[in-house]
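Whole structure, please, built from the sequences with the hints as guidance.
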Amino acid sequence: MDQSTTEQRHTTEATFSVTGMTCASCAAVIEKVLGRREGVSEATVNLASEKLTVVYDPALIGEADIVSAVKGAGFTAALLAGGEDPRSAQRVEVSSHHATVQLGITGMTCSSCQTVIERSLVAVEGVSSAVVNLAAETATVEYDPAAVSIDELVGAVKDAGYDAVVVPPAEEIQAESARDLQKEAQARHTRRQRNLLIMSASLAVPAFLFTMVPPFMDVIPAVVAMWLANTVGGAWDPHMVMKYMGLVLATPVQFIAGAQFYRGFWHALKRRMGNMDTLIAIGTSAAYFYSVIATFWLVEEPVFFEVAAMLITFVLLGKLLEARAKGRTGDAIKKLMGLAAKTARVVRGGQEIDIPVEQVVAGDIVVVRPGEKIPVDGVVVEGSSSVDESMLTGESIPVEKHTGDTVIGATINKLGSFRFRATKVGKDTALAQIIRLVEDAQGSKAPIQRFADYISSYFVPAVVVIAIITFLVWLFLGPTLFPGALDDLTPFVKALLVGTAVLVIACPCALGLATPTAIMVGTGKGAENGVLIKSGEALETTHKTEAIVFDKTGTLTHGKPVVTEYEAFDDATIDRDGFFRLAAALERSSEHPLAEAIVAHAREAGVELPAVDGFAAVPGHGVEGEVEGRRVVLGNRKLMVREGVDVSPWAARTEQLEGEGKTVMLTAIDGVPAGLIAVADTLKPASREAVERLRAMGIEVFMITGDNRLTAEAIAAQAGIDREHVLAEVLPEHKAEEVAKLQERGLSVAMVGDGINDTPALAQADIGIAMGAGTDVAMETGGIVLMKDDLRDVVTAIELSRATIRRIRWNFVWALGYNSLGIPIAALGFLRPELAGGAMALSSVSVVSSSLLLRRFKPSMRRAEG
Amino acid sequence: MRKFAIIAAATVGVVLFGALTVWTFAQARTHDYMMLGVVVAEENVALDVSDQPGATDSIVVDEVLAPDDSWLVVHLDEDGMPGMRVGVARVPEGVSRDVVIELDDDAVLTDDVIVALHADRGRRDEFEFSMDAFHRSPDKPYFVEFEEVARRVSVR
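Chains as they are written, first to last, in the numbering used here: chain A, 489 to 1354; chain B, 219 to 374.
Every clue listed holds true.
Here are the simulated DSSO-like pairs of lysine-lysine, each with C-alpha atoms no more than 27 Å apart in a straight line:
1. A:K822 with A:K1276
2. A:K1172 with A:K1276
3. B:K221 with A:K822
4. A:K1048 with A:K1172
5. B:K221 with A:K823
6. A:K1032 with A:K1229
FYI, nobody ran anything at the bench for these hints, they're computed from the structure.
So, in structure tokens, the structure goes:
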């Protein structure tokens, strides 16, 4: 739930699942209807994910009102998340027709109380049923939220002499049930559509065979006519029997399977809007009612019952195929959800027990054995192992985990065993956050969608006008203009068929799916590759990137100094390894970051570090102490001067290393120069490769840092960034200004940082890319979050964005091109209406399938497997 | 289980459709369904006409049982098939006796004429039937099974 206070107004946001939408126009209808309601400041419908997000003032409008308004528009809505309307917070289920609420009842003594309360509740207008459970002291009430509020229900119980409170389910339960609710609603909808399709196909196909296809159209009606004559009596004209059969077979299709189109048409008509339902309802009605007239009055005219029935069947088939394809666009989320562990082994009361993962609490010590899934996020407290984090980060190489390291839930332990303390559980885990983030992104609307919305809003009325003109032209000018076409039909019937085909072929269903399906697949694909794209807008903006600014420390570089080289001086009395061993031993007692780098290097090299006596840090200079009976000093030139050690013969080498951006530490043992150790914050292995690739993609690459120019340029040179693109000596608070300067040059700028000290710059940039998910800061900053510290993912993000936008544009071309070609073909009489219906339905399937092609996206910079 | 049921239902559907298709094609080869007129059960229709040697102006139908308002139509004999139409008379539903069908003045009768019973399903008092637009003609001849309700009458 997202709440904000602006001036005096308090707004809240709620998400609803919506069923019954068929095209972009349906989404536009809902947005328009809600937009007009007082208290609603924003309503956004995502056609692909079938979700509605509403920002509203709960003082002016409740969620039940929103659900009711959606119902009024001809669709069904169910609350998924958010909101604070007390009338809905406790809701177990809400649909456009009814809501169910559970009330806790107090004051009941016997079963007659139960009856009294039930009757009192049922007597309230809008209540369809009330069931009181005496033992549980609850009442489950089904009611119409448009007609009655929960307060009135509570009032009714109180008037009957009892007390009632609304039973609020736990937040998690509510969220879970809301998710289930949506799934159930969608499954119900799909089941119903499938049943309608089976029904209409089993009627429409015979209708088509028996009225259009020889010899079925000759034999079957004649046989039926004979059977009728011999059983019912009377006289039966097989030709008329064929018409009656068409009527009998097509009528249920028209009014049962096709009822949804009439409903949609009516609701759109009420709001003076048009949608797919408008076109299908008009088209099928024209064919159907003309045929009824031709059956009973103009008996010599042919009928087209099969046109209406087949058209509805094709549209239903197309919608089902589309729903299946749409379901696959959400595969990434399903995959992520499937990653979560079911159980965890925790230590409680000194014993290891297996419990459901939901019961793990922060602070639990969790035991992980080889090959097991890590159930929640935490910090290793005992043992070590390598962990496969590829499912979340895309990184194929297992990551070593030791005491103090963090582990992420849903990743898989490899060979070792360890224990960790749970730090984040339930909805706080990284996985849960990622799922939420991807879900939000998939439900968001990209700016490019406005194009489709705009076109759709004018398309349907335009098509109706074109169809009417086509009808009139064929009626009055058809015999002159198209003398040979549809020869055996009268001008009226020809005009009717051609007008219907135009209506049907021109439905802009595919247009509405072009953007959201691609966004869903694109964001899902990003998640699979460790690139979390937080919104459709971020995905769209990224493809425009012309300049990219990398923060240096922690982004281009590791952010942690490491030993790059150590050298013994020529006339030293000790060899290279020997001097380094003593220096590292001395540094073990220091807490300076450079000292940590030296000790870490020694450890990695397996160097045994002897004990140190008399350690002392000399502020601003270095450290000193006694190791193995020898006096060792380590620090800068000032320390050497203080110690009276002459290191001038090695000044040139020292300056050379410093020129490469390294920090040089000098060592003297027993007053004699021994060697130097160079430490630097080194470039990440993939940085140069990523920079080269970005430049090859035509993007200007900049580096921003607070370091001095010399050091900055040294790192930039290693990364392959031009000197003039180095923004050095920039204080953290001024980084945003530097980004703004680039934007003033007209560049669309992406900023890449770790989200720690560059948040303003990430916000200033057209697109902020935060590295290293798992930290809350990174997750909240920027439009794109990279799951791991690999700059190649920046390239992947841009490539994915470009691929997605390309796909969306292609979808637009496909959808609009289809309509643009289809209308003239239909208007010239080359397409029967039922074929037009089939083609129209398949166009949506084609667009969704086109979006699904994005699933084949592969980053150009493939990581080494291993 | 559900999958099995779906496969079973689909199989049954395909088999039934196949059987229907085979049967339909076989029927189409056996009988001429295309030119079948209005179908009526044998017990609901009857046409009794005696030979009428020397008849030139009219033909008298002894008795007719019409399942609905109908037309009695006199055709010339064209190689054993009903040919040019030379006279029509409307009869109401039920039994009619001694119905006189006036023949066209300029009609040159063949040795035999064929009297057929047609439905009257179009505009009243207008005989609407054409072999060229058989299916769109409302006043088609009656058939019992595949036999047209018609009688050959000698007028020589």
